[in-house]
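Here's the letter readout for the chains.
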Amino acid sequence: MKRLKLSPVVIALLLAIGLFVLGGLVHPGFANYSLAINILRLAAFLGVVAAGQTLVIIGGGEGIDLSVGSVITLGAILVYQIANGSDQMVLPALLVALAVGAGIGAINGLGITLLRIPPLVMTLGMAGVVQGLILVVTQGKLTGATAPIMVTLITSPLAFEIPGVLLVWLLLGFVMWVLLERTVYGKQLFAIGVNRTTAKLSGVRVPAVLVLTYALSGLLAALGGFVLLGYTQRVFLNLGADYTLPSVAAVVVGGTILAGGQGSYFGTMAGALVLTLLSSLLTTLLLPESVRQIVFGATLLLLLSAYGRQQRLRN
Amino acid sequence: MIRIPIANTIQLQRIALRQSYLFALLLLIIAVAVNAALQPDFFRPGVLSDNLQSFLPLMLLAAGQTIVIIGGGVDLSVGAIVSLVDVVVVRAMGNSPSASQVLLAIALGLASGVLAGVVNGICVAYLRFQPIVTTFASSFVFSGTALLVMSSPGGNVPPSLVDAYQANLLGLPVVLWVIAAVLVLWNFLRSTRYGRYLYAVGGQSMSAYVTGVPVSLVRLSTYMLSGLMAALTAVALVMSTNTGDPLIGAPMTLESIVAVVLGGTRLRGGQGGVAGSLIGVIILSLILNIISFANVPTWWQTLVNALIVLLALTGPGIVALVRRKLS
Chain A
1 MKRLKLSPVV IALLLAIGLF VLGGLVHPGF ANYSLAINIL RLAAFLGVVA AGQTLVIIGG
61 GEGIDLSVGS VITLGAILVY QIANGSDQMV LPALLVALAV GAGIGAINGL GITLLRIPPL
121 VMTLGMAGVV QGLILVVTQG KLTGATAPIM VTLITSPLAF EIPGVLLVWL LLGFVMWVLL
181 ERTVYGKQLF AIGVNRTTAK LSGVRVPAVL VLTYALSGLL AALGGFVLLG YTQRVFLNLG
241 ADYTLPSVAA VVVGGTILAG GQGSYFGTMA GALVLTLLSS LLTTLLLPES VRQIVFGATL
301 LLLLSAYGRQ QRLRN
Chain B
1 MIRIPIANTI QLQRIALRQS YLFALLLLII AVAVNAALQP DFFRPGVLSD NLQSFLPLML
61 LAAGQTIVII GGGVDLSVGA IVSLVDVVVV RAMGNSPSAS QVLLAIALGL ASGVLAGVVN
121 GICVAYLRFQ PIVTTFASSF VFSGTALLVM SSPGGNVPPS LVDAYQANLL GLPVVLWVIA
181 AVLVLWNFLR STRYGRYLYA VGGQSMSAYV TGVPVSLVRL STYMLSGLMA ALTAVALVMS
241 TNTGDPLIGA PMTLESIVAV VLGGTRLRGG QGGVAGSLIG VIILSLILNI ISFANVPTWW
301 QTLVNALIVL LALTGPGIVA LVRRKLS
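Sequence order for the protein chains is A and B. Going by this note's numbering, the first sequence opens with residue 1, and the numbers climb by one from there. Going by this note's numbering, the second sequence opens with residue 1, and the numbers climb by one from there.
Just so you know, the hints here were simulated from the structure itself, not pulled from any lab data. Heads up, some of the hints might be wrong.
Stated by the list, open to error - If you only want the chain B side, here are some residues facing chain A, beta carbon under 7 angstroms, derived:
(1) 148
(2) 150
(3) 317
Unchecked claim - Estimated spans, in silico, between C-beta atoms of each pair:
(4) A:187 x B:243: 33 to 43 angstroms
(5) A:29 x B:99: 31 to 41 angstroms
(6) A:158 x B:95: 36 to 46 angstroms
(7) A:91 x B:311: 29 to 39 angstroms
(8) A:27 x B:164: 48 to 58 angstroms
(9) B:111 x A:287: 20 to 30 angstroms
Since the structure is predicted, the reported quantities are computational estimates derived from the model, not experimental observations. Ideal placement from N, C-alpha and C gives every residue a C-beta, glycine not left out.
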């Protein structure tokens, strides 16, 4: 039986457009320009975080990073406390946050490659440690301030109401494309995802590439915390918690396969857009929380049926 | 025999290093020793029984999670199923129910748990969705339904149910009997043909399929069992908390996975067992006990707990690394 095969990126994009039109039909006023910009902005936060998740999942071997949520929070808190409202300190604060994020990711990578701990377990354990670190660092007191320049660059409209975070996201999309498709690292990552043994035999230094991948995931999560802070302008102890599993969902909805070795960041971007549109639409319809959750879950299951399926046992 | 031959000790060493289950047992002994040292009345029957009562819900949940993981899957919706069944049972009992109403409510709760497992199982086994995202997605459906049944904590439970949870049977706490029953049933299950199928499906689903194992059916059954155990968890929680709460299960999902891994079951599937997971739950709970008795400063408690858990999770990996370096 031959089936019409559409690229997952196209499916996700069509879905996003469909959801947007549906929103406009069901609820007049949903499909207007400024709301569309706002949805894109919310999708950008998820998209930035899911960039690292995309790399980790492409690397295969049951790769997944469940520590991103707490790294987002830690990154945001570090910037909040170090910059403390001063424009000059934003760049150093960002660099510290990125370094800490990358360090945490590297430890994840070392645990996974050197100690051969399953990624799910390692990153889950690390999430708890980072959460503990946050409490020790802050002692429950979240003092600090958001620098005005962050709000200007991230949240305020630059031109045609487009906020800076969208440009950051587009830039990240380009960088990720170059990284995955035009660098040796990208080729090696796909090779590892397809088959670790053959990659190793072809001379890929598998552990080094994987440690780098988890470090990048931590770094991108910290970057996610930075841009999120520019939007919320305040930090909470569970600021990033709601991004962990949605980042995995965005990657999967974008057509990247959890088994690894196949996928793209453009798909993840479309996936982040679909998930954000869906939850915005459900919020706009003023449905109670219970119905919203049920519809969200059911739609996610439907999306999985489109292309999140595994191989048949009988070939 | 007084002297153990060297060959035998080496063999013993090898066995000890290979069994990740033994590592959990070792951790358990350390945890119990430290706990007993910090809490002098730790071994008093009343304290032990209190401890068991608070461990039981997560034990039941981890037992179900173990079966799914051995079968090669994972269930991220167990917490949501716990929440759902918790409110279904309390809602169905209503105010001052009769004994038959209580039993009916519990039966309804168990049925909804199994039904939730059927939904997961059909999606994973027959529609071939990926387990992690599927159960993540379905967890929204279950937790949303829980909120629909009861939007905020409330309702009350007949005191007889609470008494039953704390009661003794033949001189031993009821909860201990429940734990023993879980272990006996698991060991029986494991010795049946179904048990062999379960390990085969988790280990090598392709070869299992080729040799005639009903792979999809076995996968479906693991999610049903997990749903059932989540429902039993909810019943235990209703009996111990005395009320219904639509959010009660949320934090338990990841804890159940950590407990399973601590107990030596590998996430890859095809290996492990329920007994290890029960030990894992006890270790997790004792670590929390120890931290509160050791007067760790409040803001450090989460970090200390997480570091110990991470160390325990990485322990087998460190042992394996040392072994590779030695050989």
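Hints versus structure:
The closest approach between the C-beta of residue 148 of chain B and any C-beta of chain A is roughly 4 angstroms, which is under the 7 angstroms cut-off, so the hint is satisfied. Of the supplied interface hints, the one on residue 150 of chain B is violated, with its beta-carbon coming no nearer than about 10 angstroms to a beta-carbon of chain A, more than 7 angstroms. Annotation: interface hint on residue 317 of chain B holds; nearest CB of chain A at approximately 3 angstroms, less than 7 angstroms. Checked against the hint of 33 to 43 angstroms, the C-beta distance between residue 187 of chain A and residue 243 of chain B comes to roughly 57 angstroms, which is inconsistent with it.
A hinted range of 31 to 41 angstroms for the beta carbons of residue 29 of chain A and residue 99 of chain B is inconsistent with their spacing of about 55 angstroms. Our hint of 36 to 46 angstroms for residue 158 of chain A and residue 95 of chain B is violated, since their Cβ atoms are close to 60 angstroms apart. The hint said 29 to 39 angstroms for the Cβ distance between residue 91 of chain A and residue 311 of chain B, and at roughly 36 angstroms that hint holds. In this structure the supplied range 48 to 58 angstroms holds for residue 27 of chain A paired with residue 164 of chain B, their Cβ-Cβ distance being about 50 angstroms.
Checked against the hint of 20 to 30 angstroms, the pair residue 111 of chain B and residue 287 of chain A passes, with Cβ atoms roughly 27 angstroms apart.
Comparing the model with each earlier hint shows violations of hints 2, 4, 5 and 6; every other hint is respected.
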